[in-house]
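Q: Take a look at the letters that make up each chain.
Protein chains: 2
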Amino acid sequence: MTVSKRSAISPKRDEDFSQWYQAVIEQAEMAETSDVRGCMVMRPWGYSIWERIQQLLDQRFKAMGHQNMYFPLLIPMHYLEKEADHVDGFAKECAVVTHRRLVSDGNGGLKPGSPLEEPYVIRPTSETLIGQKFSKWINSYRDLPLKMNQWANVMRWEMRPRLFLRTSEFLWQEGHTAHANADEADQQALAMLACYQDFCETVLLMPTLVGEKSEGERFPGAQKTYSVEVMMQDGKALQAGTSHFLGQNFSKAFNIQYTDQQEQRQYAWTTSWGVSTRLVGGLIMTHGDDDGLCLPPQISPIQVVILPIVHDESKRSTVMDYARQLADQLTGIHYAQEAVRVMVEARPGQQTWSWVKKGVPIRIEVGMREIANDQVSLSSRHLPYRDKTTLTVAQLLQQLPDRLHAVHEALWARAQAWRAGKSHMVRSQDELYDYFKSNEAGFVGGFWVPSLDYEHQLREDLSVTVRCMPIDRSEGPGICIFSGRETSCLAYFARSY
Amino acid sequence: MTVSKRSAISPKRDEDFSQWYQAVIEQAEMAETSDVRGCMVMRPWGYSIWERIQQLLDQRFKAMGHQNMYFPLLIPMHYLEKEADHVDGFAKECAVVTHRRLVSDGNGGLKPGSPLEEPYVIRPTSETLIGQKFSKWINSYRDLPLKMNQWANVMRWEMRPRLFLRTSEFLWQEGHTAHANADEADQQALAMLACYQDFCETVLLMPTLVGEKSEGERFPGAQKTYSVEVMMQDGKALQAGTSHFLGQNFSKAFNIQYTDQQEQRQYAWTTSWGVSTRLVGGLIMTHGDDDGLCLPPQISPIQVVILPIVHDESKRSTVMDYARQLADQLTGIHYAQEAVRVMVEARPGQQTWSWVKKGVPIRIEVGMREIANDQVSLSSRHLPYRDKTTLTVAQLLQQLPDRLHAVHEALWARAQAWRAGKSHMVRSQDELYDYFKSNEAGFVGGFWVPSLDYEHQLREDLSVTVRCMPIDRSEGPGICIFSGRETSCLAYFARSY
Numbered sequence: 001m002t003v004s005k006r007s008a009i010s011p012k013r014d015e016d017f018s019q020w021y022q023a024v025i026e027q028a029e030m031a032e033t034s035d036v037r038g039c040m041v042m043r044p045w046g047y048s049i050w051e052r053i054q055q056l057l058d059q060r061f062k063a064m065g066h067q068n069m070y071f072p073l074l075i076p077m078h079y080l081e082k083e084a085d086h087v088d089g090f091a092k093e094c095a096v097v098t099h100r101r102l103v104s105d106g107n108g109g110l111k112p113g114s115p116l117e118e119p120y121v122i123r124p125t126s127e128t129l130i131g132q133k134f135s136k137w138i139n140s141y142r143d144l145p146l147k148m149n150q151w152a153n154v155m156r157w158e159m160r161p162r163l164f165l166r167t168s169e170f171l172w173q174e175g176h177t178a179h180a181n182a183d184e185a186d187q188q189a190l191a192m193l194a195c196y197q198d199f200c201e202t203v204l205l206m207p208t209l210v211g212e213k214s215e216g217e218r219f220p221g222a223q224k225t226y227s228v229e230v231m232m233q234d235g236k237a238l239q240a241g242t243s244h245f246l247g248q249n250f251s252k253a254f255n256i257q258y259t260d261q262q263e264q265r266q267y268a269w270t271t272s273w274g275v276s277t278r279l280v281g282g283l284i285m286t287h288g289d290d291d292g293l294c295l296p297p298q299i300s301p302i303q304v305v306i307l308p309i310v311h312d313e314s315k316r317s318t319v320m321d322y323a324r325q326l327a328d329q330l331t332g333i334h335y336a337q338e339a340v341r342v343m344v345e346a347r348p349g350q351q352t353w354s355w356v357k358k359g360v361p362i363r364i365e366v367g368m369r370e371i372a373n374d375q376v377s378l379s380s381r382h383l384p385y386r387d388k389t390t391l392t393v394a395q396l397l398q399q400l401p402d403r404l405h406a407v408h409e410a411l412w413a414r415a416q417a418w419r420a421g422k423s424h425m426v427r428s429q430d431e432l433y434d435y436f437k438s439n440e441a442g443f444v445g446g447f448w449v450p451s452l453d454y455e456h457q458l459r460e461d462l463s464v465t466v467r468c469m470p471i472d473r474s475e476g477p478g479i480c481i482f483s484g485r486e487t488s489c490l491a492y493f494a495r496s497y
Numbered sequence: 001m002t003v004s005k006r007s008a009i010s011p012k013r014d015e016d017f018s019q020w021y022q023a024v025i026e027q028a029e030m031a032e033t034s035d036v037r038g039c040m041v042m043r044p045w046g047y048s049i050w051e052r053i054q055q056l057l058d059q060r061f062k063a064m065g066h067q068n069m070y071f072p073l074l075i076p077m078h079y080l081e082k083e084a085d086h087v088d089g090f091a092k093e094c095a096v097v098t099h100r101r102l103v104s105d106g107n108g109g110l111k112p113g114s115p116l117e118e119p120y121v122i123r124p125t126s127e128t129l130i131g132q133k134f135s136k137w138i139n140s141y142r143d144l145p146l147k148m149n150q151w152a153n154v155m156r157w158e159m160r161p162r163l164f165l166r167t168s169e170f171l172w173q174e175g176h177t178a179h180a181n182a183d184e185a186d187q188q189a190l191a192m193l194a195c196y197q198d199f200c201e202t203v204l205l206m207p208t209l210v211g212e213k214s215e216g217e218r219f220p221g222a223q224k225t226y227s228v229e230v231m232m233q234d235g236k237a238l239q240a241g242t243s244h245f246l247g248q249n250f251s252k253a254f255n256i257q258y259t260d261q262q263e264q265r266q267y268a269w270t271t272s273w274g275v276s277t278r279l280v281g282g283l284i285m286t287h288g289d290d291d292g293l294c295l296p297p298q299i300s301p302i303q304v305v306i307l308p309i310v311h312d313e314s315k316r317s318t319v320m321d322y323a324r325q326l327a328d329q330l331t332g333i334h335y336a337q338e339a340v341r342v343m344v345e346a347r348p349g350q351q352t353w354s355w356v357k358k359g360v361p362i363r364i365e366v367g368m369r370e371i372a373n374d375q376v377s378l379s380s381r382h383l384p385y386r387d388k389t390t391l392t393v394a395q396l397l398q399q400l401p402d403r404l405h406a407v408h409e410a411l412w413a414r415a416q417a418w419r420a421g422k423s424h425m426v427r428s429q430d431e432l433y434d435y436f437k438s439n440e441a442g443f444v445g446g447f448w449v450p451s452l453d454y455e456h457q458l459r460e461d462l463s464v465t466v467r468c469m470p471i472d473r474s475e476g477p478g479i480c481i482f483s484g485r486e487t488s489c490l491a492y493f494a495r496s497y
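Residue numbers (this note's numbering), protein chains in the order written: chain A, 1 to 497; chain C, 1 to 497.
Among the hints, a few may not be true.
Same chains, same names: a pair is fine if it fits in one copy or spans any two.
[To be verified] Think about it this way: if two alpha-carbon atoms lie no more than 25 Å apart in a straight line, the pair counts; the simulated DSS-like pairs of lysine-lysine are:
(1) K422 / K252
(2) K315 / K111
(3) K252 / K111
(4) K224 / K111
(5) K388 / K422
(6) K437 / K252
(7) K82 / K111
(8) K388 / K252
(9) K388 / K111
(10) K136 / K62
(11) K236 / K224
(12) K136 / K252
Bear in mind the hints are in silico, worked out from the structure with no lab data behind them. Bear in mind the structure is a predicted one, so any value in this text is a computation, not a measurement.
So that you can see chain A by itself, here it is in the shape it has in the complex (with noise of 0.2 Å):
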């Protein structure tokens, strides 16, 4: 059976994961770099994909009580001094624009001319522009709560970049809250983490660990940060989103003030939180093949290619007809309360392997054949590539929707069975050190209280980071593995994106 064994991206994934990963992307023209620093050109099936997460977010969002709003590109440089962590956090990563025009540098060429008066940073995130405006539009406990986001781009230079997970710029949301009291920001923070979670594991079908960051992976200016942590198929975890409580550090710096309904004069309590552009890498390394990437159907921008079939060529106007009134009574079809996204592959030639390498749900083909036949021959892309099944058009249109939610079961399975096998418990520091001396990766669950001078020592010796700490203690209580001591906190270490 040497057919099993051809595969259309080389390397494989248990050959160089990283060679792989990067192969995918360029077989399926989902992005590629540029000359610019750190920077990605996100070309259409890379970039539809990203549509689709925002279109849903979008909605998600929405029905939560979030209203889009747009705060420009550039950040004066004071406002970055007033918050310390949070400037702490970022300097190092800044862009800085210091002029307003260029001029001729005398040999034909230009150089910058007019220098500013005050330098501005391209974001890198918005609390400050928008902690700033929040103490203007904030007055009274009457306007609390504020819930805002915005979809942009933010930028952070990035030394070793790599498609989609690391990019110096990047796409992505950032939400942004303001309440009345402590609780019920931090309850906005974890409705957020909620909805990422959900998002995440019922679109994406991306298995996800939850809770709250340690100290040492905290945003910078943030009281708490929690996060959705997936697990790739290198058994390495990719932070997937992360919504922050950021107390009253950026209302006290921004002096976001509202009068209570005691007259007395309060700060504000504020959220922030988002997901980005890595979101696509997420996908491809949590559900990509040696055949390339693999959506699930609720995030593919086409859930059916139909590909005609044309031996010959007088019957190629035949075959294509054929092909658009299928894809027309496709269309009307419902699955996940969409209706259902077709194409017809346009271009001559056998194109079936460039669908394959894109990931698409589901594939038909149509030839002369299946016209005689009234009949299709559907491929589904989680089986085997030379699994075919012949249906009527009347079965077919009947079983669309099971056949795309049985590749979304199938995703999620094999997702989910990939993270159980890479998942461990330890009782000791020493388990903990065997497991990652002799694993490149995965993810070690174990009590433990929490400290940095654990965290830095982890990063140190083994490049390993606290992913997270469930927020749910019911395990507890436990044995710190590092101090012996009885905590009910739970942590979850591994080597990341």
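Based on these hints, arrange chain C on the given structure of chain A.
A: Chain C in isolation, oriented as in the chain A frame:
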């Protein structure tokens, strides 16, 4: 009748059009200025209008075969040196990134650190970056046409900013295509012009003038620039969208070559085209009245607002329940192929004026009296504030699409009448000068032989520019108002934003 003289916006349009414009934006909470020079913050109402524009245009672009991509925000400085006209056009307004971090200034503040080897410019437009990638992706005639679009922010320092109309950063779409021959590229540019024209006229209800730009108004680097020009209520022109036939200027600067069917290497022919958040400003100045914004039904983020009238607090939940049930019923109705967008005002107090000022097409009041009679009280935004029609709920459900369409028709008729009243033809230079010396604004048509000298003269003498030259030459030939020579070319002259 003092009532009719009352207005929500001060000053009124005929008192100070420019101040009126600012007041409409402020009262409708659409946008405001920021501490970033020339950059605005788009608040939910302003941004949601832009989201509607995006959504509807994006559908049209995709139906025309354009695919969305995303290119980097930053452009290496040397890219701009490659097309001489292009850099001349944009160098004066480029934001230049020169450093890649912030460091302590030694006095508790910050300063730029780590100079970049080569500065970057924040994209003022992306022909250069995209041209460089096109040169890589295009090899054969089979790769053509290549048709793409990008939704993005761009930056051009603006010394005289005005919300939506002129901001240093603005949001836009920029389409870019490459073709095998000049005619196909020119036809593509014209097809996008027609797309913009249709969208402006049938959705935004802004009567347009379309045609080619004169030499003095051409896009830097274009061979031909086409534009859609719209008249604002003060009689000034607003350039609402442009579409450029770039010839081979960018393909030669960035080496975009393909091998033709005769195996010869040829330079491709390219186009670019865009509209921006400026369209939101155009909407305000086309349809707004002395009570604020007035939105065409197809573009309004909310088409029907239901206002609960509560005189007796004990009845609040009864009225609110009734309002929400009504909203559910209305959401099932379709107008212009979309489900009607309905909102229930949940804030206590009489909020009618806030929705008048936001320009929502239909307002429906429900209180205990209406509930008792199974009725509603309906107002249309384009009619006087106090005009109310009592309808049964059954009548409302039946009539709503027609009621929305009545607003649509009324706004279109009003805008056309405005423009007709301020459009004139002249037959000599004297008539043209007389007109613009005694009139602040208006569109003036006349035959002319295109001449850059006359363009400069007009700008200097009258601050008037050639807005566009209609492509349809069927009205000619006539006599050039400047040179007296026969010409088939008509031009429209105006003062502009």
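Q: When the structure is checked against the list of hints, which entries are broken? Sort them ascending.
A: Numbers 1, 2, 4, 5, 6, 8, 9 - these are the hints that the structure violates, sorted from lowest upward.
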